[in-house]
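Trainee: These are the residues of each chain, in order.
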Amino acid sequence: MLAAPDAQDLAVQAPPMAIASGQIAARVQSFDQPAEGGLSPRNANYQMDVRLDHATHTLKGRQTLRWRNISAHETSELQFHLYWNAWRDRDSTWMRERWLGGNRTPPRDDAWGSIDIESLEVRQANSQLVVLKPGWNPAPDAARGPARFIAPDDDNSADRTVLAVTLPQPAAPNETVTVDIEWTSKVPRTFSRTGYIDDYYFIAHWFPKIGVLEDNGWNTHQFHSPTEFYADFGVYDVGMTVPRSWLLGASGREVSRADNADGTTTHRYRGEDIHDFAWTTSPDFVEATQTFTHPTLPPVEMKLLLQTEHAGQEQRHFAATAAALKYYGEWFGPYPYGYITVIDPAYQSGSAGMEYPTLFTAGTRWIAPDRVSSPESVTIHEAGHQFFYGIVATNEFESAWMDEGLNQFADARALEAGGFPDYLSRRYFGGFVPWVFDDIRLSRATEGNGLAGYRLSPEGDVPATHTFRYWPGTATRITYFKTALWLHTLERHLGWPVLQRIMATYFDRWKFRHPRPDDFFQIANEISGQDLSWFFNEVFRSSNTFDYAVQELASLAAGKNQRTSVVVQRLGEAVFPVDVLTTFADGSTTTERWDGRARRQIYVYDRPTAAVSAQVDPKHVLLLDVNRTNNSRATRPRADEASLKWALTWMVWLQDLMLTYGFFV
Amino acid sequence: MSAPHETGFRFEDRSGNETRFPWRSWVDGFRRVWSAPAVLLGVFACTFLMAVPMALVVRASLRAHLGNSLEAAGAADGVNYDWWEEFTAQASGLGATFSPSILGFAPVLDNVSGVLDGQSEILPVTGLLGGYLLLWTFLSGGIVDRLARQRPTRPYGFFMASGTFFFRFLRLAVIAGLIYWLMYRYLHHWLFDEWLLRVTRPLDTERTAFVWRMGMYAIFGAALVLVNVIFDYSRIRAVVEDRRSMVGAMLASLRFIWRHPRQVVGLYFLNSIAFVTLVLVWAFAAPGAGGPGVSMWLVFLVSQIYLLARLFLKLQFIASQTALFQRSLAHARYTALPAAAVPVSPAAEALSTSLA
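As they're listed, the protein sequences go chains A and B. Numbered as in this note's numbering, the first sequence ends at 665 without a single skipped number. Numbered as in this note's numbering, the second sequence ends at 356 without a single skipped number.
These are calculated hints, taken from the structure and not from any lab test. A hint or two may mislead.
[What the hints assert, rightly or not] Beta-carbon label-pair distances, calculated as ranges:
no. : chain 1 : residue 1 : chain 2 : residue 2 : range
1   : B       : Ser120    : A       : Asn561    : 52 to 62 Å
2   : A       : Ala417    : B       : Val281    : 37 to 47 Å
3   : A       : Ala417    : B       : Ser295    : 32 to 42 Å
4   : B       : Leu197    : A       : Asp438    : 31 to 41 Å
5   : B       : Ala222    : A       : Glu301    : 32 to 42 Å
6   : A       : Asp438    : B       : Ser120    : 26 to 36 Å
7   : A       : Gly38     : B       : Ser120    : 51 to 61 Å
8   : A       : Leu456    : B       : Tyr156    : 55 to 65 Å
9   : B       : Arg198    : A       : Ala158    : 27 to 37 Å
10  : B       : Val199    : A       : Glu287    : 21 to 31 Å
11  : A       : Tyr423    : B       : Ile273    : 27 to 37 Å
12  : A       : Thr289    : B       : Val199    : 32 to 42 Å
13  : B       : Arg198    : A       : Asp215    : 49 to 59 Å
[Said to hold, decoys possible] Residues from chain B that face chain A, not an exhaustive set, calculated with beta carbons under 7 Å:
no. : residue
14  : Leu66
15  : Ala76
16  : Val79
17  : Ala106
18  : Asn111
19  : Arg207
This one's a predicted model, so the numbers in the text were calculated from it and none came from an experiment. Every residue gets a Cβ at the ideal spot worked out from N, C-alpha and C, and that includes glycine.
Turn these sequences into a full structure, and let the hints guide you.
Mentor: Written out as structure tokens, the structure reads:
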């Protein structure tokens with residue numbers, strides 16, 4: 001059973017921040033310089049061929065992996081992810097966490113998926129070893145042998161998502177090992193955005209995939225329900241054989257296509273400097289292409305595979321993808337691949353809103369009002385992941401906030417910068433019929449960053465906790481929303497030019513590598529020229545909440561003047577410096593800078609007129625403040641007026657409800 | 001029994017042209033409701049007054065949350081959605097129903113969708129709805145009586161009819177409630193939670209799933225309408241024929257529907273068209289949040305006019321069905337309960353006699 005560590009323990013155990021400018025953070029891998037002719041180290045290269053059997057929903061594949069040890073130390077084994085075994089039975093760690101996360105509906109019999117290694121052969125410079133022969137299928141709790149399942153995260157002996165293979169001889173740093181694997185898979189009825197529905201397939205994290213060997217050892221986590229992936233860069237050369245006339249989209253770029261005698265077609269794709277490979281196929285796609293152009297950024301060929309029933313929404317997908325390429329490109333750095341594939345997933349496929357290198361799934365609806373930012377929002381988000389995940393390849397098992405949170409912040413910013421309409425909508429009649437609220441335009445600062453979601457459990461987990469150890473139900477709120485909120489707070493605190501330089505520097509230094517949290521914090525300190533440790537300690541190393549309030553505002557006659565007292569209060573545990581603005585009846589104002597540390601602070605003013613209002617954090621810099629309403633106080637509040645208006649509005653709803661139920665009499 | 005002039009019948013259609021009955025009944029029903037403004041205003045007042053206490057509770061909750069905050073200004077002048085979300089995140093009870101679905105046309109979608117999807121309401125709202133249905137159960141006798149007579153029955157006559165039929169209609173309501181409960185418990189569950197899930201599970205196109213769901217709504221809605229019509233005519237027959245047995249009234253209602261299917265369906269269709277038309281007009285005319293002061297009251301006033309129109313149509317359903325029944329039945333020359341004959345006091349009688 002997973003349990004989140006105690007917040008205080010984590011805060012105490014957290015390592016001290018690297019503050020000084022230029023200080024080198026701990027490296028993940030020592031030999032991660034780009035390979036010759038490449039953008040990345042290219043140390044995990046796959047040549048694969050896979051055939052889809054639509055009738056049995058199975059894949060049969062073979063792959064040759066050429067893996068180079070780019071860590072500082074030799075290794076005596078290889079570790080592989082076998083992600084699809086997470087859905088082999090109910091005992092996997094993924095399924096247990098799914099249950100803990102609140103999904104108690106058992107999968108149907110036809111929903112399960114799995115991957116079985118048929119054979120595995122290792123070749124090193126001076127040796128060749130058949131580790132596994134055809135038909136090998138060890139018990140999950142098999143004792144140590146040349147190949148065995150391991151459970152490094154929770155010792156769950158029933159989990160088969162990580163396979164360890166002992167090498168014939170230790171692989172030295174910079175040594176290359178070649179591994180030939182044959183395997184078969186049962187395609188699930190969609191778990192974790194991979195699977196099939198009818199004749200739509202979305203195939204992701206589908207092949208035996210080598211883990212990441214870091215300087216301090218293998219980083220190969222089991223598959224967890226709240227987390228995603230982590231892998232090294234390489235070149236993928238993949239042939240996919242599917243029924244003829246089915247359209248196919250994949251990571252990389254198509255290099256050849258050949259029809260086979262058995263009524264199938266083999267599509268071969270090649271992707272360079274990517275760390276994963278996903279593909280999709282269906283006879284129901286409609287293909288469209290456009291080219292993204294920009295005065296200073298490289299052109300990108302955008303390919304869209306759209307569901308037939310979403311015809312007419314092509315431009316919305318292209319515009320959103322182009323917005324991500326433009327703004328992320330301008331703010332952080334150019335998209336280097338020259339191509340990108342957007343997949344509009346099938347209804348109920350469960351594969352919407354997911355990123356893979358050079359390919360992502362968006363997600364829209366049959367009725368999609370153009371005043372609502374769907375599919376734009378999800379499209380920008382997933383396209384944005386090409387930068388934070390695809391290029392800056394963080395460890396999503398441990399620090400998912402580094403791609404999801406940064407991207408949540410950036411996609412909201414791009415959505416606003418792109419001028420996409422973003423009104424609130426609700427869906428009725430089983431979620432099919434949308435209604436747009438023209439009165440409610442959503443704000444980037446709150447809605448875009450997910451304040452409402454964060455507010456539900458601001459103390460849910462300490463962000464410094466490894467993501468796979470988050471309580472499954474709180475992961476999203478912390479990973480996405482809290483990060484986006486503190487980044488936007490930092491934007492307002494430092495100014496966008498500074499934060500933009502921080503993120504651009506981070507992007508540039510860590511593209512095609514694996515940064516850790518301290519790498520980002522170090523760059524933030526360096527570029528801002530400030531020690532921001534206090535801030536990161538609050539937002540990253542603690543689960544404290546921010547809540548400032550105006551406790552008291554009063555003016556009394558004092559001679560010819562009015563003596564005004566303002567009492568501001570810190571209700572939450574977290575600390576942030578805030579302004580305190582007091583406005584007087586003659587229109588004059590005074591602003592104080594409060595370091596926000598004390599529980600209360602009192603300001604007294606002698607002015608010719610009385611105060612009319614006081615506000616703490618009037619510019620709303622601190623977006624993490626969970627109670628904004630108590631941040632201000634007025635001597636002539638309009639609560640009576642506002643409450644009357646909204647009570648009348650609510651009453652009309654209630655009357656309408658009564659009349660609707662009146663049908664029954 | 002009552003004298004002929006008390007029957008109140010003004011139309012005697014013996015032409016045999018039954019196909020025109022629905023339209024004539026609909027027009028007749030419209031006239032009957034139009035000529036009974038006190039009934040319309042009465043039920044409107046009841047609906048309004050029953051909603052007021054809870055609205056006051058919500059107002060108190062909103063006011064308490066806003067307190068002295070400057071956020072109130074934004075909420076008063078328009079929509080302060082940031083504050084709104086903060087409020088709902090912290091609200092409980094009635095406050096939890098304070099969602100964007102209260103704005104403009106959304107309540108119609110929210111409420112109709114909720115009824116068709118079998119969504120439950122929070123306990124206080126459920127209690128209010130129960131009370132409201134009970135009130136309608138009480139008022140139904142007087143309303144049908146008034147619309148059947150086509151002349152003012154005065155409060156005394158109205159409430160006498162209401163009182164007379166209350167316990168009969170209560171028995172009917174128990175039967176109706178049981179049937180509706182069974183429909184939601186089994187038919188709805190079977191249609192939406194089993195059949196619909198089964199047929200839509202393999203679908204990879206939303207459009208098809210949407211059509212299936214609409215189909216389920218049509219089936220379940222038709223079943224609801226059928227039961228609704230049976231109980232409508234049960235009440236009408238109970239009042240017009242002064243029936244004491246509600247089981248008998250239901251059987252009589254079924255006989256009537258069975259023998260006049262085209263008329264009954266046609267009339268229901270006409271009434272439904274009127275309802276849909278009103279809803280569509282409201283979809284375009286429904287005001288948004290509005291601002292403070294006059295704007296706020298204007299929004300409220302327009303909304304109340306819409307609700308008044310909804311109530312008019314509800315009475316129109318009853319009145320036109322009553323008209324159809326009275327027009328269709330061969331032995332229709334009878335009346336509802338006799339008008340109240342108030343005993344004259346002995347003193348007045350003596351005075352009258354002496355004057356004579």
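Trainee: Which hints from the list above does the structure break, by number from lowest to highest?
Mentor: When the structure is compared with the hints, only number 5 turns out to be violated.
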